[in-house]
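Enquirer: Sequence:
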Amino acid sequence: MSDPMTYDVAVVGYGPVGVTAANLLGQMGLNVAVIERNPDIYARARAISTDEEVVRIWQQIGLADRLTADMLPGCGANFVDAKGVPFVKLLPGPRGNGHPPQQFIYQPALEKVLRAGVNRFRMCHSYSSTSACA
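Taking this note's numbering, the leading residue of the sequence shown gets 479, the next gets one more, and so forth.
Computed beta-carbon distance windows for the label pairs:
| # | residue 1 | residue 2 | range |
| --- | --- | --- | --- |
| 1 | D543 | I519 | 15 to 23 Å |
| 2 | E530 | C602 | 29 to 37 Å |
| 3 | V490 | K567 | 31 to 39 Å |
In case anyone wonders, no lab produced these hints; they're calculated from the structure. Only a predicted model underlies this, so the values are computations on that prediction, with no experimental measurement involved. Think of the CB as a built atom: it goes at the ideal place given N, C-alpha and C, for glycine as much as any other residue.
Generate coordinates for the entire structure from the input sequences, incorporating the hints supplied.
Expert: What follows is the structure in structure tokens.
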């Protein structure tokens with residue numbers, strides 16, 4: 479068996495939060511192990527929006543401009559019932575903090591950009607039965 483690698487931090491789960499954390503940690507120069515059960519980005523969105531505080535974090539890691547280019551600032555969201563009839567419209571108002579208070583996202587596209595951002599740093603990616611650790 480080869481010598482075990484030593485990591486500063488392990489990120490378990492590689493969705494929007496985990497991949498954002500991996501970018502932040504990599505930017506700090508830490509040796510990060512990313513552990514995720516599935517190497518593929520899940521094709522269906524589970525998150526639909528983000529707020530200005532998260533956009534500030536993405537600014538810190540240098541990806542905000544690319545991410546916000548695909549977002550829909552100032553647009554509302556209609557929630558519909560099983561028959562497609564709208565029952566609630568969400569339209570957040572500006573609060574004057576520099577970014578729109580809520581921006582709607584397509585999670586798989588967002589994760590693709592964030593994962594590409596991680597490639598700037600040295601990291602170990604481990605997926606259930608495979609590993610890409612150097």
